[in-house]
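> Sequence:
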Amino acid sequence: MKTGTRFQLPAIAATAVILLSPATTVAQDLVQAGVSAAVRGQIEVASLTDTVGRVIGSGENIFLGDRVSSGANSGLQVLLLDETVFTIGSDSAIVIDKFVYDPAAGAGKVAARIVKGAFRFVTGRIARNKPQDMTVKLPTGSMAIRGTMVAGKVEGDTSLVVLLGPGEGTNTTARVGRVEVSSAGTTVELTRPGFATTIDGIGAVPTEPFQLPASDIQALSGSLTARPSSSTEKAPASSGPTQSGNTNSESTPSAEKSQPQASGTQSSGGSPSSDSTEKSTAESGATESG
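In case it helps, our numbering puts the sequence shown at residues 15 to 304.
Everything labelled a hint here was simulated from the structure, so no lab data went into it.
Each hint should be verified, as a subset may be incorrect.
Quick list of in silico lysine-lysine cross-link-like pairs, DSSO-like style, CA-CA up to 30 Å [claimed, not checked]:
id, residue 1, residue 2
1, 112, 130
2, 112, 151
3, 123, 151
4, 123, 112
5, 144, 123
6, 144, 112
7, 144, 130
8, 130, 151
Label-pair restraints from in silico Cβ distances [to be verified]:
id, residue 1, residue 2, range
9, 227, 64, 15 to 25 Å
10, 119, 232, 17 to 27 Å
11, 222, 62, 36 to 46 Å
12, 224, 64, 15 to 25 Å
These figures come from a predicted structure and were not determined experimentally.
Glycine included, C-beta positions come from ideal geometry on N, C-alpha and C.
Construct the entire structure; sequences and hints are all you get.
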């Protein structure tokens, strides 16, 4: 059974991804990318112009270019308007560089960066409708997502990426997803849940797909849901969206009910929520392949 595809990118091929630079960020008005949710422990947000980050709780706005960082035994979800959900664990950081969304058409662009630590994301409407419109960068590579759930971990210049969502060989009716991991002109495609690849440093190509042990997947998932040793969660700001539910444990985005408000070039639309069916199926698929 096919577990993955590895192929060389043509030397002349290049994909133009427009990311925010400090100059453009300072010049433009703040554009909301999403809201924070399921905050656990100490979470800080710093814009490109901030010298010191500010502590946030659930239900607070996340803007383009904000660096969202977690402390020890901490984590959160970032909910985007198209129902894309990013989750980070302890001692992790992420930046949403681009988010443009037209709710009526279900189309737009998403670009994010995993700076460090453990991460997981469930793709939303943008990637489901047009997968090439969502990209996630790693310190030494990038991912192109094809409508699915992906997790991994970044430690220095080393990155691990594992497919969790529905893929080939699963006994479900869910849409088959996949993820392409690229570095140093080489792309590896993960097509089966529970299979992974690593990039082992600057200039290294992704390894051939391999089956990640179930214990490693469980440890990775556990690092994304670890609870703080003491309650340090900050209450949501009164001026921002509100969040319902127990914020001391990770909740599904559909239970959050926090709604990013349109600003700048972002279109307004419905409240962000994850596809709970996809998430459940993805986790069962990962277990099956292990």
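> Run the structure past the numbered hints and jot down the numbers of the failing ones, going up.
Structure breaks hints 9, 10 and 12.
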